[in-house]
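Line order of the protein sequences matches chains A and B.
Counting from 75, one number per residue, gives the positions in the first sequence under the numbering used here.
Counting from 120, one number per residue, gives the positions in the second sequence under the numbering used here.
There could be a bad hint or two in this list.
To be verified - DSS-like cross-link-like pairs, simulated, lysine-lysine; straight-line CA separation at most 30 Å: (1) A:Lys308 to A:Lys297; (2) A:Lys322 to B:Lys282; (3) B:Lys309 to B:Lys484; (4) B:Lys282 to A:Lys251; (5) B:Lys309 to B:Lys282; (6) B:Lys414 to B:Lys322; (7) A:Lys251 to A:Lys230; (8) A:Lys297 to B:Lys282; (9) A:Lys230 to A:Lys308.
FYI, nobody ran anything at the bench for these hints, they're computed from the structure.
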Amino acid sequence: MLDIPFMRYEEVRPMTIIPVEMVKISDVTNVREMVKIPEPQKDKPEPPKKVERAVEMPPPPPKMASTMPLEVQQEKPKVKPKAPVKRAAAPRVTPKAKPRPPSRFSSDRIAALLNKVEPAPKATDKLAEKYAQQPQQMSALDLRVQTISIADAVRKRIYDNGCWNVVSGSIDASNLKVTVSMRLTPDGNLARTPEVLNSARDNGVSEGAFRTASESALRAVRKCAPYDMLPKDKYDLWQEMQINFDPKDMLAG
Amino acid sequence: MRIIHIALLTIMTFMVATLPSKAIIVVDVNQGHVNPLPIALTNLIGSDQAMTASGSVQQIGEQITQVITADLERSGLFNTIDPRAFINSGASNAAAPQFANWRSIGAQALLTGTIDLIEDGRFQIDFRLWDVLAGTQMTGLRYYTTPNNWRGIAHVIADTIYKRLTGEDGYFDTRVVYIAESGPYLERIKRLAIMDQDGYNHKFLTDGSYMILNPRFSPVSQEITYLSFYNDTPRVYLFNLESGKSEMLGEFEGMTFAPRFSPDGKKVIMSKADNGNSDLFSMELSTRRITRLTKHSAIDTSPSYSPFGRFITFNSDRGGSQQLYVMDNDGRNIKRISFGTGNYATPVWSPRGDLIAFTKQTGGKFYIGVMRPDGTGERILTESFFEEGPTWSPNGRVLMYYRKYPYDNRGGGGETQLWSIDLTGYNERQVLTPLDGSDPAWSPLIDRYN
């Protein structure tokens with residue numbers, strides 16, 4: 075019963091869900107830190123404030139914020155420092171987003187609670203070490219963050235450069251969702267002909283209208299190439315992307 | 120609870136560990152632009168030596184491209200690139216364009232083609248439409264036509280391009296009948312006239328000795344109905360454009376007006392006034408059998424069928440003011456659909472069925488607007504001192520109507536003009552006519568193959 079709603083939620087907003095989970099994991103690591111160095115807690119008072127601010131500030135990129143802490147955690151195990159370190163690390167990873175707050179906030183709080191408990195330090199120590207030794211998991215989280223910013227960059231490029239000329243006026247116009255798959259070379263050029271993955275039948279629209287919409291989507295993908303603004307060192311992430319062109323919001327009403 | 124927690128944790132861990140590394144980045148793009156598509160239209164290449172009555176083949180090739188350019192430009196959906204920006208001439212492009220050169224001037228589509236005079240005295244016209252960014256041919260067709268029909272073939276090519284790039288039928292190879300008006304205010308001469316949708320091939324169909332009103336095109340053939348005051352009696356007539364013959368649709372008691380064809384062209388629906396009351400009737404053209412559709416003390420008029428003939432929209436003052444109604448084609452289930460302020464009139468069902476266009480009058484102004492057949496989504500497209508009588512392009516994307524300017528105190532003003540606007544409400548253009556024009560009616564696409 076519980077699993078099902080969870081999975082659904084994940085489908086709709088995968089980003090938000092994962093951050094939550096991560097927070098829990100981070101709690102574990104925090105506990106360990108806390109145990110080792112109780113002093114930092116005194117220092118921590120500052121961070122929570124910032125966190126709170128941040129929580130209010132970022133209404134648009136809450137997901138970013140929540141994911142950020144995860145990265146911080148990666149670094150934690152090595153350095154072992156507390157909150158401050160996290161803050162420093164966070165900004166590095168995510169360009170502008172100030173994403174640190176929410177997750178830290180929660181993790182800190184939870185950490186505090188756990189602190190009082192304190193009993194399971196050794197067990198958590200082991201856990202933390204395990205996590206530290208498994209950079210893959212951490213990088214997986216990092217991927218999430220990168221994924222968001224790469225998707226944002228592509229979306230922004232397509233909008234700012236006016237690459238997507240929406241077919242308007244068709245009777246089916248608002249139901250013409252087109253999914254395009256594109257593969258890129260390391261310098262951001264199209265590595266092969268972009269492909270449309272869905273069909274008129276998926277949308278319940280006429281073939282003619284769908285063909286027009288898919289050609290408009292393909293033109294957009296081509297016109298915006300090369301995607302040279304994407305981080306070169308993350309090529310493995312964006313070498314293949316899927317773009318959903320959906321004019322519903324534009325043409326409704 | 121504990122078990123559940125463990126289960127959840129397991130799932131979370133699983134997701135965290137597996138999802139990110141395998142997932143392809145998915146980008147949702149929900150905002151684009153609605154800009155005209157940049158298209159380069161090169162001249163059709165023909166021989167300079169070969170001559171026809173209308174000029175050299177090369178000249179006609181250029182003129183055809185000009186007509187196509189004007190059609191596409193006027194639709195508002197295309198931005199035709201100035202030929203002076205072209206890096207290549209049409210000649211070097213007919214078969215295999217150098218796409219990089221077209222890409223560099225911002226073209227996304229490209230038209231190339233040739234025109235030849237063949238042995239039987241006809242033109243052979245080949246053209247290709249290219250997707251410049253993909254570097255592929257989108258369509259390629261060959262047409263044959265007599266030299267004097269070059270304008271028609273230009274519209275056909277423009278329609279082909281329009282359809283290929285927008286996914287909808289075009290409307291360039293169409294005609295418009297309207298009432299040409301001339302003379303002073305009190306002695307207005309009204310003649311029936313017809314022209315191509317772009318204003319060319321203009322012809323008067325009546326001599327102006329009697330008044331003509333409400334011309335309407337059959338949706339399936341080159342036939343029109345209209346209201347004529349021949350012998351000072353208003354009657355509905357049927358006029359065949361190909362044979363040039365007109366016939367009266369029977370004798371009625373009282374006045375008949377506002378005729379309009381059914382979608383299959385087999386019936387005419389109209390209103391008939393008797394003793395100050397007016398109701399709706401339909402007439403089967405083959406048998407001249409008349410069926411009464413409404414019976415009400417109010418004035419019912421301006422009936423128009425839905426595209427499949429199942430419903431009829433009309434206007435009536437049965438609710439106290441002039442409003443729009445929809446009913447079944449047998450007169451049952453009458454439902455009011457307009458509820459805004461002011462009066463609504465001349466409803467016309469779109470050929471694609473999604474909208475009803477109307478004239479609205481409120482606050483001393485007139486408006487042309489559209490609403491869904493259930494009355495929702497009312498949208499005003501244009502407003503002025505006086506405008507009325509919308510007629511749909513056959514693809515249901517553009518409306519033509521007429522607009523009257525007020526007379527000024529120096530004896531000027533009072534012009535009556537035809538205008539068109541597309542459903543976006545942004546692309547409004549005057550349709551040029553030699554005299555003043557009113558009450559336009561748009562033809563279906565011309566059938567060139569029969």
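Hint check against the structure, violated hint numbers in rising order
5 and 6
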